[in-house]
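> Each chain, written out:
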Amino acid sequence: MTAVLEVSNIRKSFGGITAVNGVSFDVQEGEILGLIGPNGCGKSTLFNCILGQLTPSAGEVKVDGKVVTGMRPSELNGLGVSRTFQLLQVFPKLSVRENLILAGQEHQGNMLSRLLGPSDAGLTEAANQMIGFFKLDHLADEPAGGLSYGQQKLLDAAMAFMGGPRLVLLDEPAGGVNLTMLADLKDRLAAINREKRATFVVIEHNMEFVMSLCTRVMVMAEGKVLAVGRPDEIRANPAVIEAYLGH
Amino acid sequence: MTAAKTLKIGFGIVVIAALIIVPMNFNRYGLFILSQWAVMTIAAMGLNLTLGYAGQVSLAQGAFVGIGAYTAAIMTSSGLPLIGALGVAIVLCFAIGWILGYPALRVQHHYLAFVTLAFSTLAFLVFRNEDWLTKGIYGISNIPRPEIFGYPTRRPLPFYYVCLGSLGIVSLAVWWLIRSPWGRAFIALRENPVRALSLGIDTRRYTLMAFAIGSALGGVAGTLYAPLTQYVDPVPFHLSLSLDLLMMVIVGGSGFFFGPFLGAMIAVLLPEWLRFTQGYYLMLYAIAVILLLIYSPTGILGILDRYISERRTKAASALRAVAKAKLETAP
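Protein chains in written order, with my numbering: chain A, 1 to 247; chain B, 1001 to 1331.
In case anyone wonders, no lab produced these hints; they're calculated from the structure.
Worth double-checking, as some hints may not be accurate.
Every beta carbon over 12 Å from chain A, so not counted as near; a handful from chain B, in silico [what the hints assert, rightly or not]:
1. Thr1006
2. Asn1025
3. Ala1118
4. Glu1130
5. Tyr1138
6. Gly1183
7. Ala1185
8. Ala1196
9. Gly1200
10. Ile1201
11. Phe1276
12. Thr1277
13. Ser1309
Mimicking DSSO-like on lysine-lysine, the simulated pairs with C-alpha atoms at most 27 Å apart in a straight line are [claimed, not checked]:
14. A:Lys93 to B:Lys1314
15. A:Lys186 to A:Lys196
16. B:Lys1314 to B:Lys1005
17. B:Lys1005 to A:Lys93
18. B:Lys1008 to B:Lys1314
19. B:Lys1008 to A:Lys93
20. A:Lys135 to A:Lys93
21. A:Lys186 to A:Lys66
22. B:Lys1314 to A:Lys135
23. A:Lys196 to A:Lys62
24. A:Lys196 to A:Lys135
All C-beta atoms, glycine included, are put in the ideal place defined by N, C-alpha and C.
For reference, chain B alone in the conformation it holds in the complex (with noise of 0.2 Å):
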């Protein structure tokens, strides 16, 4: 047991310390695709507390990521420092999620899926149409990139330094979450929301909190987001964002905590690495996660999770088996 606990801390360091060496040599495009890794990860696991650990499914992921990016293009492009955005972000999405969950108190799975579905469009027309604070389909460019205690992070590789601190936060922020009794309460109300109830849970509160963290964490990543791509428009905020969102969560392994760092992952450096295939990589990677969904609906990491569960089973019998056959053979 403690083996493996070294062996896990053990890969944890080397993941982490190559996260922070590799990219060194990165090129531009390199390290915004690294970047943009990042900031899909916290997104992905604001889902994944709402999803994943609450199970409340939500469409409007990627609106909040729009929410944060609009919240700090416009603050920066102001001359307000992009902390200042990330707070205003952050309380803005953590409001609105918190109303978005009303709903989910009286409406569950698809019919969930649909009002949240319905808000995903209300933002992106808003984020489209409020010209005079969104710029419209011109969107909003030259967003500045934020100085860190007075240091610089124009170029791209301290921008991504900023990403992976950020992320390297928020993953701490959200251990941390989920292993308090809040992270206990959140899988109650997944598994059984009425016997959740009956133990004092206030299903209520912890559907609501469970969508107000989610959605600040989307607006996290938004606000780095925009200093990012260092431009706004309405388009990478349609839909298709919560899509992918959902999609990252699901595959990497919804209510995982590594989940969405996989499923980030996949998603984002993915279509990179099956560049060659020219157009058939959104065929392969459609393939891909349906055989996936098939096998193993819990995603990636309930393989992996599935495969421990049966070697510690088989341990289990096996060590049994020696103690019954000890005390058949003694005298």
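Chain A with its partners taken away, still in its complex shape (with noise of 0.2 Å):
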């Protein structure tokens, strides 16, 4: 196994308040890592230090061995680095099939290969074998901003893979989202997880959801990396138990 991500040291301060205060960890190929913690322990802000969004204060991170820190959100997802947001970001003007385009087109050719190519970037078949795995098939020519809530979440899901990359960085997934629609996107997830060899890494507080899809668990407190194991081995680590999961 090869370490896909690997994050040495990472820190990051906005003023006074250190959000992430030196947090390491690998994510080896087709690995799921759990992500959990109470809000406000730097989940977002590490993901955000590991995608480019912001600038770590010190530390480093690497993408299949190479040294990425500092580069753009664009240049990353180019290595195959993807993610989603926590809160939704589907472009609600534009239809299904036209966001799942939007989210693969700069995977094809180069600009000017997009200029005078063709519309859809050749991507058409792609996000419609897309649509049909996240079950959306009724919904592909609706504009994305007339989706219900979870169907959003879904397709946010779904455009964070039509690049296809090797490691997706997930915030949040299930938030908001109906039980029903909570299995379909585990199944999706673990389904591409297996198929395409993708190695994720997951932020969520549905204890159920991260317990039952991940195969590793890290759990984050202020700012800190406070453990790290399989399921159930968190499930059963006290200090976790007492700053996080509850009695």
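Two independent chains are provided; combine them into the complex using the hints.
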């Protein structure tokens, strides 16, 4: 097994507040790492530092052994790193299919071929497959803004997979999604992980979701790593119970 | 759906035919106004790309029309062909537009408006003060009209066809651009740059491109403007032209393909139609624009768009109701 993502000693301060305080971890290929912790413990800030939305105050991020600290998000995406955001980030005026084509188009050809080539960048077929995979068939031509919250969440996740990423960071994919759709989402993520050997890091508060999907779980508290381990180990860890899971 | 498409294509053909045939009976002045409409539509289409699609505010489009007009005036007055001037104007405006795009990578909205406003003023000062190049406030007169495939376009009707033909070519190019992946990337840039970036869209490059291409179209319009008026001086390229073009884009419908056509029509033709109101024209125009923007901030085409999507929603919910009723009555 090789590490797809290596994070060493990441630190991020905003003024006097240190949101992330020296976090290090590796993610192996094909792994699904769950990232849990109380609100404000620095999970999303850590994501933003890894993905180039924020520049870390200190520390280093490697993807496939290559240092990517300070790279722009679009460059990182070009390396096969993709993400979803905590808040919904679909393009409401574009149709579901257009959203997916948009999400994949920059991985097709170059600037010039995208200008002169076909309007769909040759992605209609791939988009339709993704639509089918996430069971959004009947909504393919609807503007994304007209979908329900849960459906938009599914689309949001689907968009992250259009470029065929090696590593996907999902920030609360299950938030606000109803139970049936949640089971679907988990099922889809597991299938992509299995079939495409895609590696995931998932921030989530839904314990049931995390514990059943993830192969390993990392717990953060106050900007630091509190514990790392298999889901059953984490569930039994007294420090974690104290800080987060409760009695 | 196909019926609607046939209707659209039929309507398009009628409009194009009308634009070709009807002006044959127009007098010199009517043809001038219509040619001006075509030229301003091209400039507004450029701004619509930068502002409407890519969401980057610019108050400098008039300056690019000026750069194009002076390029054409200077080059054709010294005997060079207009097509050469067109090439130079496109390259020049593209390059300057690209550079002007850099501030947009750091500032947005009204800050960006101020940066482009400063550029607009700078360009005006160059037109007015650099006598050696632009002949200053005296302007450049006797600008020749081109020969197209050996056919002279000195008379108003042939030159109107030059403007109309150019508008046709520009429209096709812009239509191609906005339906290409670039167009989608521009919309993504406008709607949500953070998400766009995370999807691998190089927002920096697309922002610069949106500025450069939009400005180049301003240059194209300018290259036609010079032989149309056959006289170029700094006054028409003052900030007010940039504001007029901005108005055309917003009134027509920013971010809609046909917005500039409609906006330019209102800005160029309406003053002529409202001539009988004498001094009240501007007041009426201002009130109409204020009312429009209160009712529909997305312009005239925004109203149409809203109407169509409302109808579609109603049709869809009617279909759902029917389906539900069928399910309930099924044995």
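> Now, for every hint given, state plainly whether the structure supports it.
Evaluation of the provided hints:
1. With a minimum CB-CB distance of about 20 Å to chain A, B:Thr1006 clears the 12 Å threshold, and the non-interface call stands.
2. With a closest Cβ-Cβ approach of about 40 Å to chain A, B:Asn1025 is found to remain outside the 12 Å limit, as its non-interface label requires.
3. Taking the minimum C-beta to C-beta distance to chain A, about 28 Å, the non-interface status of B:Ala1118 holds against the 12 Å cut.
4. Interface exclusion of B:Glu1130 from chain A stands, the closest Cβ pair being 35 Å apart, more than 12 Å.
5. No Cβ of chain A approaches the Cβ of B:Tyr1138 within 12 Å, the least distance being about 42 Å, so the stated non-interface status holds.
6. Consistency note on B:Gly1183: stated as away from chain A, yet its beta-carbon is not over 12 Å from all of that chain's, at 8 Å minimum.
7. A cut-off of 12 Å between C-beta atoms contradicts the statement that B:Ala1185 is not in contact with chain A; the least separation is 7 Å.
8. Chain A draws B:Ala1196 into its interface by the beta-carbon criterion, the shortest separation being 8 Å against a cut-off of 12 Å.
9. Annotated as non-interface, B:Gly1200 brings its C-beta within 12 Å of a C-beta of chain A; the closest such distance is 3 Å.
10. Look at B:Ile1201: its CB is around 5 Å from the nearest CB on chain A, not clear of 12 Å, so calling it non-interface is violated.
11. Every C-beta of chain A lies more than 12 Å from that of B:Phe1276, the closest at about 41 Å, which supports listing it as non-interface.
12. With a closest Cβ-Cβ approach of about 38 Å to chain A, B:Thr1277 is found to remain outside the 12 Å limit, as its non-interface label requires.
13. Not every Cβ of chain A is farther than 12 Å from the Cβ of B:Ser1309; the closest lies at roughly 8 Å, contradicting the non-interface assignment.
14. For the given pair, A:Lys93 sits about 18 Å from B:Lys1314 by alpha-carbon distance, which is consistent with the 27 Å threshold.
15. Under the criterion of a C-alpha separation no larger than 27 Å, the hint pairing A:Lys186 with A:Lys196 is consistent with the structure, at around 15 Å.
16. For a cut-off of 27 Å, the pair hint linking B:Lys1314 to B:Lys1005 stands: about 20 Å separates their Cα positions.
17. Annotation: proposed proximity of B:Lys1005 to A:Lys93 holds, straight-line Cα distance about 21 Å (limit 27 Å).
18. Under the criterion of a C-alpha separation no larger than 27 Å, the hint pairing B:Lys1008 with B:Lys1314 is consistent with the structure, at around 22 Å.
19. Of the supplied pair hints, the one linking B:Lys1008 and A:Lys93 holds, its CA atoms being roughly 22 Å apart against a limit of 27 Å.
20. For a cut-off of 27 Å, the pair hint linking A:Lys135 to A:Lys93 stands: about 20 Å separates their Cα positions.
21. Taken as a hint, the A:Lys186 and A:Lys66 pair is broken in the structure, with Cα atoms around 30 Å apart against an allowance of 27 Å.
22. Of the pairs offered as hints, the one joining B:Lys1314 and A:Lys135 holds, with about 25 Å between alpha carbons and a cut-off of 27 Å not exceeded.
23. Restraint check for A:Lys196 and A:Lys62: satisfied, since their Cα atoms lie roughly 21 Å apart, inside the 27 Å limit.
24. Proposed proximity of A:Lys196 and A:Lys135 is supported: the alpha carbons are some 18 Å apart, at most 27 Å.
Going through the hint list in order, the structure does not satisfy hints 6, 7, 8, 9, 10, 13 and 21.
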